[in-house]
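**Q** Here's the letter readout for the chains.
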Amino acid sequence: MTSELNGAAAKMPTIAAAGCEEILRVQDLKVHFPLTKGIIIQRQVGTVQAVDGVSFALQRGDTLGLVGESGCGKSTTGLAILRMLDPTAGRIVFEGEDITDHDKERMRPIRRRMQMVYQDPYGSLNPRMKVRDIVGEPLEVHGEAHDPAAYRERVDRLIGLVGLLPDMAERYPHEFSGGQRQRIGIARALALEPSLIVCDEPVSALDVSIQAQVVNLFMELQERLGLTYIFIAHDLAVVRHISDRIAVMYLGRIVEIAHRDELYKRPLHPYTEALLAAIPVADPEVEARRPRAIVKGEVPSALKPPSGCRFHPRCPKAMDKCKTVDPVLTDLGAGRAVACHLHVVPA
Amino acid sequence: MASSLLQVRNLTTRFNSERGRVIAVDQVSFDIGPGETVAIVGESGSGKSVTALSIMRLIPTPPGRIETGEVIFEGRDLLKLEDAAIRAIRGNKIAMIFQEPMSSLNPALTVGMQVAEPINLHRGSPWGKAMELAKELLGRVRIPDAARRLASYPHQYSGGMRQRVMIAMALACQPRLIIADEPTTALDVTVQAQILDLLKELTRETGSSLLLITHDLGLVARYADRVAVMYGGRIVETAPARELYKNPRHPYTLGLMASVPRLDGEAGRPLVPIEGQPPDLAQLPPGCAFSPRCRSATDPCRVSRPPLVEVGERHLKACFNDIRA
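If you read the sequences in order, they're chains A and B.
By the working numbering, the letter at position 337 of the first sequence is numbered 392, and the numbering carries on one by one without gaps.
By the working numbering, the letter at position 158 of the second sequence is numbered 160, and the numbering carries on one by one without gaps.
The hints are simulated quantities; they were obtained by calculation from the structure and are not laboratory data.
Since the structure is predicted, the reported quantities are computational estimates derived from the model, not experimental observations.
Possibly wrong hints are sitting among the right ones.
[Stated by the list, open to error] Computed cross-link-like contacts, DSS-like style, restricted to lysine-lysine with a CA-CA straight-line distance of at most 30 Å: (1) A:359 to A:376; (2) A:359 to B:137; (3) A:372 to B:202; (4) A:320 to A:372; (5) B:202 to A:320; (6) B:131 to B:82; (7) B:82 to A:351; (8) A:359 to A:372; (9) A:351 to B:137; (10) B:248 to B:131; (11) B:137 to B:82; (12) B:137 to B:95; (13) A:378 to A:320; (14) A:85 to A:159; (15) A:372 to A:85; (16) A:351 to A:159; (17) A:320 to B:137.
[Stated by the list, open to error] Residues of chain A placed beyond 10 Å of chain B at every Cβ, according to the derived structure: (18) 159; (19) 165; (20) 292; (21) 334; (22) 363; (23) 368; (24) 380.
[Stated by the list, open to error] So the derived label-pair ranges between C-beta atoms look like this: (25) A:150 to B:206: 52 to 62 Å; (26) B:105 to A:90: 20 to 30 Å; (27) A:380 to B:131: 47 to 57 Å; (28) A:196 to B:311: 27 to 37 Å; (29) A:96 to B:126: 36 to 46 Å; (30) B:104 to A:259: 37 to 47 Å; (31) A:92 to B:109: 19 to 29 Å; (32) B:104 to A:97: 26 to 36 Å.
All C-beta atoms in this analysis are idealised placements derived from N, C-alpha and C, irrespective of residue type, glycine included.
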């Protein structure tokens, strides 16, 4: 089964709009975690297939949304792309360079070009550092802080860029609200002028009225600085708002990838349909009219994913074939691909 | 209203914190009718959870204290009851479902014992009989293989299944009112829909009322008959759900609706955020709590506090200005 998947991924065409520059290509990415038993003599008793064959390409200046429920591998995918986790298999090509096997030293210059914004604005900032030092730390680490005046000016500019006031630079993280802390995290991510930012649930911990401020900031910065985003979240409404294309993940796989409006208007994969139907719209009249395709059960363990299509035990449209044959993510043209037997014409 | 199941009148709950006195719930009044689903919607610190806990008399004292108000349930003021009397109501006539099912369940007891406990306690059913009923309840909340699952412990259940157990426990004594405080916030969206649909269906069957506490305007739109919007410890607007969404009249309600991206909205268009931060309850402004963030605030808003006034049928708002969508 594995070799079959590898073959399919290698044949997979670029699922992206033509004519732009490709910044990132992920091919058949797998991240498996060994599960061990025993304290002194450890033996492997299983494998968690957190990410199991993920492929996509991303154009410069675009935003790709990664959505899915807990355990679908969206965050692991993000971490593996930044090489903060080692991929088990597959290829990651960033700005034309294959970085899959880069060691720490060779990753150093690459890290300047790809940064991360984290979910938890409380846990991701050092409480003992002033905002100025948090934002400037990447510059110091990468040896760009020799000229104190220039360094200072650069940090000030970053702080202004994310909408914080100049005097806030001398304060500590605990003096800020969640939304402001997330701005500090964004300023730090921008310090080295990266081209790609992986945003892992960057607004989920924020209050509803603050989320919009941060979402707008992400979009403004993208326009001003030509940034490329991978926006990871479970909230499909937020993801649809900010992304150009959306990849829906389920148990370590991409089950569908499409332009945001296509995905919303014509979801092809039954899981995408279920995910859309599960999210309520803030309008009672619209809600009363909406279809309510409720899927059964919960996401199974990534330790023992179901045979065939991983969604089949919960799928309202499952056929016999789905129990045994694993559907391959197939390009349907126009930047759209789906992994479902219902939508794949037999070869 | 005579037909109300629960009447909350001028409920005020205060906490003594190191930063001084904090009024977490300030003069809150609302009704819940029989069989009705009422939602309290608000952000963190709006006082929505403290309102729920105050109704159940579950405010830890000290540091908290219910200062004033009445909570009339079936003709009795819950705030004046003896401890034993309120315990006889909790989990019996009024049941509660919390956000985090894992911390609400006892990890050392089987699920069966925990579901059977309220039946044994409030109904006096012998354990054997209570266990029988517990099995039936697990079946009703669609836990497959209920007989065997009765003997399992909470850690052997998934998050969604634990919340089903919480619902089974809540339903055990056929309560008149279920208070659900962010019951699905910790769950995945597809499971959230399952759980809330189940809860709604079961309350419809039994005729129980539901008080749903949430921050999610979408859930309110899907499940609530009536809504109260809270901000800074106060109700700023309340109306039947359809009316509130069609004709919001408080600037905070309007602001919330404009700041949330909608699945069926136009993607990519800039959202209209509410500027500034949610209020610090220890330093509330003298007038309207929302005035520092409000685009339509005028001088009176900053000095005196607007009362809740009627602007339509069962539609009240606390704002001096005539705001419309």
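**Q** With reference to the structure, classify each hint as holding or not holding.
**A** Structure-based check of all given hints:
1. The hinted pair formed by residue 359 of chain A and residue 376 of chain A meets the criterion: a straight-line CA distance of about 19 Å does not exceed 30 Å.
2. For the hint pairing residue 359 of chain A with residue 137 of chain B, the CA-to-CA distance comes to about 29 Å; that is within 30 Å, so the pair holds.
3. Using a Cα cut-off of 30 Å, the hinted pair residue 372 of chain A and residue 202 of chain B holds, with the two alpha carbons roughly 26 Å apart.
4. For the hint pairing residue 320 of chain A with residue 372 of chain A, the CA-to-CA distance comes to about 19 Å; that is within 30 Å, so the pair holds.
5. Restraint check for residue 202 of chain B and residue 320 of chain A: the C-alpha separation of about 28 Å stays at or below 30 Å, so the hint holds.
6. Of the pairs offered as hints, the one joining residue 131 of chain B and residue 82 of chain B is violated, with about 34 Å between alpha carbons and a cut-off of 30 Å exceeded.
7. Restraint check for residue 82 of chain B and residue 351 of chain A: not satisfied, since their Cα atoms lie roughly 45 Å apart, outside the 30 Å limit.
8. For a cut-off of 30 Å, the pair hint linking residue 359 of chain A to residue 372 of chain A stands: about 22 Å separates their Cα positions.
9. Taken as a hint, the residue 351 of chain A and residue 137 of chain B pair is honoured in the structure, with Cα atoms around 21 Å apart against an allowance of 30 Å.
10. Using a Cα cut-off of 30 Å, the hinted pair residue 248 of chain B and residue 131 of chain B is violated, with the two alpha carbons roughly 49 Å apart.
11. With a C-alpha separation of about 36 Å, the suggested pair residue 137 of chain B and residue 82 of chain B falls outside the 30 Å cut-off, and the hint is violated.
12. With a C-alpha separation of about 21 Å, the suggested pair residue 137 of chain B and residue 95 of chain B falls inside the 30 Å cut-off, and the hint holds.
13. Distance restraint check for residue 378 of chain A and residue 320 of chain A: the Cα-Cα separation of roughly 28 Å lies within the 30 Å cut-off, and the hinted pair is therefore satisfied.
14. Under the criterion of a C-alpha separation no larger than 30 Å, the hint pairing residue 85 of chain A with residue 159 of chain A is consistent with the structure, at around 20 Å.
15. Between residue 372 of chain A and residue 85 of chain A, the direct Cα distance comes to roughly 28 Å. Compliance with the 30 Å bound is thereby established for this hinted pair.
16. Using a Cα cut-off of 30 Å, the hinted pair residue 351 of chain A and residue 159 of chain A is violated, with the two alpha carbons roughly 44 Å apart.
17. Proximity of residue 320 of chain A to residue 137 of chain B is assessed by CA-CA distance (about 43 Å); at most 30 Å being required, the pair is judged violated.
18. Residue placement check: residue 159 of chain A keeps its beta carbon more than 10 Å from all beta carbons of chain B (closest about 35 Å).
19. For residue 165 of chain A, the requirement that its beta carbon stay farther than 10 Å from each beta carbon of chain B is met, with the minimum near 30 Å.
20. At roughly 5 Å from the closest C-beta of chain B, the C-beta of residue 292 of chain A falls inside 10 Å, breaking its exclusion from the interface.
21. With a closest Cβ-Cβ approach of about 5 Å to chain B, residue 334 of chain A is found to fall inside the 10 Å limit, against its non-interface label.
22. Annotated as non-interface, residue 363 of chain A keeps its C-beta farther than 10 Å from every C-beta of chain B; the closest such distance is 20 Å.
23. With a least beta-carbon separation of about 12 Å from chain B, residue 368 of chain A lies farther than 10 Å from that chain, consistent with its non-interface assignment.
24. No beta-carbon of chain B comes within 10 Å of the beta-carbon of residue 380 of chain A; the shortest separation is about 24 Å.
25. Separated by about 57 Å at the C-beta atoms, residue 150 of chain A and residue 206 of chain B satisfy the suggested range of 52 to 62 Å.
26. For residue 105 of chain B and residue 90 of chain A, the hinted distance range of 20 to 30 Å is satisfied, since their beta carbons lie about 26 Å from each other.
27. Under the hint 47 to 57 Å, the C-beta atoms of residue 380 of chain A and residue 131 of chain B, about 50 Å apart, fit the expected range.
28. Separated by about 58 Å at the C-beta atoms, residue 196 of chain A and residue 311 of chain B break the suggested range of 27 to 37 Å.
29. A beta carbon spacing of about 55 Å between residue 96 of chain A and residue 126 of chain B contradicts the range 36 to 46 Å that was offered as a hint.
30. At roughly 19 Å, the beta-carbon separation of residue 104 of chain B and residue 259 of chain A lies outside the given 37 to 47 Å, and the hint is violated.
31. Checked against the hint of 19 to 29 Å, the C-beta distance between residue 92 of chain A and residue 109 of chain B comes to roughly 23 Å, which is consistent with it.
32. Residue 104 of chain B and residue 97 of chain A have their C-beta atoms about 28 Å apart, which keeps the hinted 26 to 36 Å range intact.
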